[in-house]
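Colleague: For the sequence shown, position 10 (counting from the first letter as 1) is numbered 10 according to the UniProt record's numbering, and the numbering increases by one without interruption.
If you're looking for bench data, these hints aren't it; they were derived computationally from the structure.
There may be inaccurate statements among the hints.
[Unchecked claim] Quick list of the computed label-pair ranges, beta carbon to beta carbon:
#, residue 1, residue 2, range
1, E19, P94, 25 to 33 Å
2, E47, K68, 25 to 33 Å
3, P63, T88, 27 to 35 Å
4, E50, A28, 25 to 33 Å
5, E8, P94, 25 to 33 Å
6, A97, T2, 27 to 35 Å
7, A97, K51, 17 to 25 Å
Backbone N, C-alpha and C fix where the C-beta goes; we use that ideal spot for every residue, glycine too.
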Amino acid sequence: MTARAVTEATFEQEVLKNEKTVVVDFWAEWCGPCRAVSPILDQIATEHSEKLDIVKLNVDEHPNLAMKYQITAIPAFKVFQAGEVVKTVIGAKPKPALEADLAAYIA
1 MTARAVTEAT FEQEVLKNEK TVVVDFWAEW CGPCRAVSPI LDQIATEHSE KLDIVKLNVD
61 EHPNLAMKYQ ITAIPAFKVF QAGEVVKTVI GAKPKPALEA DLAAYIA
């Protein structure tokens, strides 16, 4: 299981109405740290697929959502539960640090 792309058209169904916890990776193609963290997110998505979904939102293609969720730096990760943001993580990190940030949702 890898992180899948979402769009403005699919965001409500995939994120806001999802019964699982959802981590949204706000990223852009030109962002080196975003590309570096992508395989780490894919690993976490695979290892914890029963507890959470990880999706990617390209901020260049969907600036309205980036603005709505106050994305001022990327990569940025927003954790959603029941349609609400419950945690924000900013910046690329190694897998152990990201897992520590997400421990409450994957334990």
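Colleague: It remains to establish, for every hint, whether it holds in the given structure.
Modeller: Structure-based check of each hint:
{"no.": "1", "hint": "E19 <-> P94: 25 to 33 Å", "result": "30 Å, holds"}
{"no.": "2", "hint": "E47 <-> K68: 25 to 33 Å", "result": "30 Å, holds"}
{"no.": "3", "hint": "P63 <-> T88: 27 to 35 Å", "result": "18 Å, violated"}
{"no.": "4", "hint": "E50 <-> A28: 25 to 33 Å", "result": "30 Å, holds"}
{"no.": "5", "hint": "E8 <-> P94: 25 to 33 Å", "result": "31 Å, holds"}
{"no.": "6", "hint": "A97 <-> T2: 27 to 35 Å", "result": "20 Å, violated"}
{"no.": "7", "hint": "A97 <-> K51: 17 to 25 Å", "result": "18 Å, holds"}
Checked against the numbered hints given earlier, the structure breaks hints 3 and 6 and satisfies all the rest.
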